[in-house]
Amino acid sequence: MRYQWRNSVMVPVFLAAVVGVPSTGWSKGDQTAHITRVDHGVARGIVKAAAQAVLYAQVQGRVSMLPYKEGQRFEKGHMLVQIDCDKYQAELAVAIAEHEVKDKVYKNNVELGKLNAVSNLDLETSEAEAKKASASIRVAAVNVKGCQIAAPFGGRVVSVMVNEHENVFPNDKLISLLDDSSLEIELVLPSSSLSWLKRKSPFTFVVDETRRKYPARIKEIGASVDAASQTIKVIGAFEKLLPEVLAGMSGTAQFVEQP
196 MRYQWRNSVM VPVFLAAVVG VPSTGWSKGD QTAHITRVDH GVARGIVKAA AQAVLYAQVQ
256 GRVSMLPYKE GQRFEKGHML VQIDCDKYQA ELAVAIAEHE VKDKVYKNNV ELGKLNAVSN
316 LDLETSEAEA KKASASIRVA AVNVKGCQIA APFGGRVVSV MVNEHENVFP NDKLISLLDD
376 SSLEIELVLP SSSLSWLKRK SPFTFVVDET RRKYPARIKE IGASVDAASQ TIKVIGAFEK
436 LLPEVLAGMS GTAQFVEQP
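Residue numbers (the numbering used here): 196 to 454.
Some hints could be false.
What the hints assert, rightly or not - Computed list of lysine-lysine pairs in DSS-like fashion (alpha-carbon distance at most 25 Å, straight line): (1) Lys299 - Lys327; (2) Lys368 - Lys271; (3) Lys243 - Lys368; (4) Lys368 - Lys282; (5) Lys326 - Lys302; (6) Lys327 - Lys297; (7) Lys408 - Lys395; (8) Lys408 - Lys393; (9) Lys368 - Lys340; (10) Lys368 - Lys264; (11) Lys271 - Lys243; (12) Lys243 - Lys264; (13) Lys414 - Lys243; (14) Lys408 - Lys435; (15) Lys264 - Lys302; (16) Lys271 - Lys393; (17) Lys414 - Lys395.
Said to hold, decoys possible - Here are the in silico distance ranges between beta carbons for each label pair: (18) Ser354 - Thr405: 18 to 28 Å; (19) Lys368 - Lys326: 55 to 65 Å; (20) Asn366 - Ser329: 19 to 29 Å; (21) Asp281 - Pro410: 52 to 62 Å; (22) Glu306 - Gly349: 20 to 30 Å; (23) Asp403 - Ser371: 20 to 30 Å; (24) Lys326 - Leu441: 45 to 55 Å; (25) Val339 - Ser377: 32 to 42 Å; (26) Pro397 - Asn366: 42 to 52 Å; (27) Asp281 - Ala312: 38 to 48 Å; (28) Pro397 - Gln247: 39 to 49 Å; (29) Val339 - Glu359: 26 to 36 Å.
Honestly, the hints are just simulated from the structure, not real lab data.
These figures come from a predicted structure and were not determined experimentally.
Just so it is clear, CB atoms sit at the ideal spot from N, CA and C, and this is done for glycine as well.
Build out the structure end to end from the sequences listed, making use of the hints.
Here's what the structure looks like:
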């Protein structure tokens with residue numbers, strides 16, 4: 196049996212307030228315009244990936260390899276974008292060689308210091324130069340590491356924003372990803388539902404695109420109620436992984452009456 200909101204007098208008032216709700220206590224970036232209506236124990240919702248990211252370039256260079264295309268699946272740690280790294284590898288080799296020279300000078304001054312054959316100033320200066328050269332190695336190593344963009348999680352490619360052989364610069368968008376191994380359902384419910392709604396509360400989610408019903412449970416309940424609309428954001432999760440359900444699909448959540 197679907198859950199019936201008991202206060203029939205307040206239902207029209209609530210619907211007027213809910214349609215077009217601008218906020219439910221989440222940041223603007225998390226708001227979903229599709230989630231705007233709750234009526235007679237039924238709530239509209241949208242399917243979202245638990246993790247998604249846009250990866251940016253960290254160094255300047257030419258894109259030499261893009262092994263994955265839109266829609267293709269990848270594993271965590273797999274290389275997604277390769278930027279030509281000859282320049283940065285050469286800079287790392289130079290930094291290593293310079294450190295070897297500075298380190299030898301410092302170690303030699305340490306031995307001379309034992310014989311009082313070098314001033315404290317020269318000893319301290321050579322030590323600082325050796326530390327500076329060591330730091331230069333770390334900077335060069337970071338640039339080399341930035342030539343290869345690895346997957347932070349397993350999932351699928353949403354979009355590729357560059358082409359092979361293009362020149363990119365730091366902070367340029369490269370590739371957009373999502374982790375579809377754990378899909379979530381975003382809902383907005385009236386705050387009055389908190390009287391019975393709990394984590395792990397069951398509900399059925401009917402996906403518009405597949406026209407099928409899927410069992411789901413409440414995963415998280417929002418930390419605050421939106422004062423203007425008296426609504427709260429709720430996150431649900433499917434009972435099992437569903438290959439036919441994709442992020443971005445929308446549907447209807449149906450709640451059973453609580454004891």
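Now for the hints, and whether the structure bears them out:
1. Lys299 - Lys327: Distance of about 14 Å is within 25 Å: holds.
2. Lys368 - Lys271: holds, 19 Å
3. Lys243 - Lys368: Since the Cα atoms of Lys243 and Lys368 sit roughly 21 Å apart, the hinted pair holds (cutoff 25 Å).
4. Lys368 - Lys282: Measuring from Cα to Cα gives roughly 21 Å; hence the hint holds.
5. Lys326 - Lys302: holds, 12 Å
6. Lys327 - Lys297: Between Lys327 and Lys297 the Cα gap is close to 9 Å, so the pair holds against 25 Å.
7. Lys408 - Lys395: holds, 18 Å
8. Lys408 - Lys393: holds, 21 Å
9. Lys368 - Lys340: holds, 17 Å
10. Lys368 - Lys264: holds, 15 Å
11. Lys271 - Lys243: holds, 19 Å
12. Lys243 - Lys264: holds, 21 Å
13. Lys414 - Lys243: Measuring from Cα to Cα gives roughly 13 Å; hence the hint holds.
14. Lys408 - Lys435: With Cα atoms ~13 Å apart, Lys408 and Lys435 stay inside 25 Å; holds.
15. Lys264 - Lys302: Between Lys264 and Lys302 the Cα gap is close to 52 Å, so the pair fails against 25 Å, i.e. violated.
16. Lys271 - Lys393: Measuring from Cα to Cα gives roughly 33 Å; hence the hint is violated.
17. Lys414 - Lys395: Cα-Cα ~6 Å, so holds.
18. Ser354 - Thr405: 18 to 28 Å: holds, 23 Å
19. Lys368 - Lys326: 55 to 65 Å: Because 36 Å falls outside the window, the suggested range is violated.
20. Asn366 - Ser329: 19 to 29 Å: Given about 28 Å between the Cβ atoms, the range holds.
21. Asp281 - Pro410: 52 to 62 Å: holds, 54 Å
22. Glu306 - Gly349: 20 to 30 Å: violated, 53 Å
23. Asp403 - Ser371: 20 to 30 Å: holds, 24 Å
24. Lys326 - Leu441: 45 to 55 Å: holds, 52 Å
25. Val339 - Ser377: 32 to 42 Å: Given range 32 to 42 Å: holds, Cβ gap about 33 Å.
26. Pro397 - Asn366: 42 to 52 Å: About 44 Å separates the Cβ atoms of Pro397 and Asn366, which means 42 to 52 Å holds.
27. Asp281 - Ala312: 38 to 48 Å: holds, 43 Å
28. Pro397 - Gln247: 39 to 49 Å: For Gln247 against Pro397, whose Cβ atoms are near 26 Å apart, the range 39 to 49 Å is violated.
29. Val339 - Glu359: 26 to 36 Å: Since the Cβ atoms of Val339 and Glu359 sit about 20 Å apart, the hinted range of 26 to 36 Å is violated.
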